[in-house]
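Please construct the entire structure, taking both the sequences and the accompanying hints into account.
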Amino acid sequence: MSVLSGALLGVDAGPAPAAPPRDSHFGRNFMTTLALALVFGTAARVIELRPLELVRDAGNIGVFLRGYLHPSFAHLGEYAWQCVVTVCIALWGTLLAVLISVPLGLLGARNLAPHRAVYFAARRAMDVLRAVNEFVFALMFVTAVGLGPFAGMLALGIHTGGVLGKLLSETIESIDPGQVEGVAAVGAGRLHVIAFGVVPQVLPNFLSYILLRFESDIRSASVIGMVGGGGIGFYLWDTIRAFNDREAATVILLIVLMVMAVDVVSSRIRRLAI
Amino acid sequence: MACHASLNLHDRVTSRQCSARTVAPVMTAPMSPVISLDGAGKVYGNNRALEAVSATIHPGQFVAIIGRSGAGKTTLLRCLARATSPTRGSIRFGDVDLTGLHGRALRLHRRRVGMIYQQFNLVKRLRVIDNVLVGRLGHVHGWRRWAVLARRFSAVDRDIALRCLHQMGLLDRAWQRADTLSGGEQQRVAIARILAQQPRVILADEPVASLDVLNGRRIMDSLRRVATAANLTVVATLHHVDYARTYADRILGLRAGRLVFNGTPADLDAARLVEIFGELPEPLDGREAGALAGLA
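Note that the protein sequences, when read in sequence, are chains U and W.
Each residue of the first sequence is one higher than the last, beginning at 35 in the working numbering.
Each residue of the second sequence is one higher than the last, beginning at 153 in the working numbering.
Heads up, a few of these hints could be off.
What the hints assert, rightly or not - Footprint (simulated), chain W over chain U, 3 or more residues, beta carbon under 8 angstroms:
#1 228-241
#2 257-269
To be verified - Covered by chain U, per the in silico footprint, the following chain W stretches (three or more residues, Cβ under 8 angstroms):
#3 260-267
#4 294-308
#5 421-427
Because the hints were derived from the structure by calculation, they are not lab data.
Each residue gets a CB set at the ideal place from its N, CA and C atoms; glycine is no exception.
Structure follows, in structure tokens:
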């Protein structure tokens, strides 16, 4: 302090000026706090939030935990195969999603759409695909193509197609227009402008998004079997519902290992892609 | 053409030169103009960017457009490139009226006009050679149009691209990504792309504004050299009067959207400069001006 008060080089000496007056935010902050408390308080009543029961029923949790801490490896081979099925569902689901997202993403980008109506239609189509959860799609496809991994893969692909399409169209809207103009200025056709001016700019980001969604698809695929979409999810649902804790523990363990392994591999590739 | 009722400044200049030699007013350039503007104007909302500009540009000319920021230089150039359309008057390219062009005819016009930009506008993540090959996109036909989507160009096109790159002295950079090059090198790649495009006219929008004076000099030299070699017409907007004086055969001066000067560099005296800029423009600093003077 004494150092500062001595000499601020180049700044006038003398008493420090008073700070200019500023508006008080007390009223605004108070009202915000009150409103948030009201909203969360109401929501707590709606969801029947009872934290005390968690403590009271600690004994029951102990019973569960005993089973889960002693996983059974009797059906390990079958569960492991179902994990492979799950990865395959996610692989093909993501591929289908890419095939859906590329045309939708190109048409749904404001700077590429041939007409406002096309842009609007593509945007709304992607909204619908994203708004409907993959489980809802799975229930619909199970009635259409029957129980099994094919229905699950279709459900994942269509929902993720909407998500990837929106990410792609927003990536395209943020590209450098100068580079696109440079290609269009030589008299290239629309497809050529996209292939040479747009694709090189969006490819790294799009690849990264595809891999991120693949990781997320693995997590979805691991539970989509609960509604008949094939994969390990059916066994998860079956063992938990039958209170077969030791089997359920094995299934959960395998899912965790599978998700971790895929995440590691995928993030390695993602770093290579960029 | 010479008896047009419209205010055709170029024709006025030629007739003045002719009367000085006391000869009947005949066109000095026997060729028909490559670009003719007839009362071209452009209005953006309430902003009158360009007002009734009439001028003709003849094949092989190096034309500089000068003026302050916002005087309409870029708007005029964008109208010539048909990146935008004039709201009144007409612009003719050869015997084609640009105002009504769309679709295939517009793409054909763009192929005939090579663009050079201040920010180079190369595709940064593509290799240098691919950027030059982009110049060939207006020339591919038939099934090749699909093959080039996967970067499969014909042997002829690849030869042309290598030749153009060699011409600009950048053959050794062919496999590098465009964004690893310096600004001056990127602008030379842009010129190579235009050479591969084989246009009739080069339009350059502030081609040297983001380069230092030595690189700017090299770029302007290259532009003039390739233009002379292929008898190309060049129209360039230039911030610095000194560049315009050194390189242009003709100078168009814009002020607030109006064409206030149309003549040779020799005609551009102090009074005319004040008319265009409102004051005498500051010269490039000593060393830079020296570098330019060495060329004159």
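The region 294-308 of chain W covered by chain U? Criterion: 3 or more residues, Cβ-Cβ distance below 8 angstroms.
holds (count 3)
- Verdict on chain W covering the region 228-241 of chain U, criterion of 3 CB contacts below 8 angstroms: Check passed, 7 qualifying residues.
Can you confirm whether chain U covers the region 421-427 of chain W, using C-beta to C-beta distances below 8 angstroms and requiring at least three such residues? violated (count 0)
- [ ] Quick one: see if chain U covers the region 260-267 of chain W, three-plus residues with Cβ-Cβ under 8 angstroms.
- [x] This one holds; 8 residues, not fewer than the three required, reach chain U with a Cβ under 8 angstroms.
Exercise for the section: Tell me if chain W covers the region 257-269 of chain U under the three-residue, 8 angstroms CB rule, please? Expected result: violated (count 0)
Violation of the numbered hints given earlier is confined to hints 2, 5; the remaining hints are satisfied by the structure.
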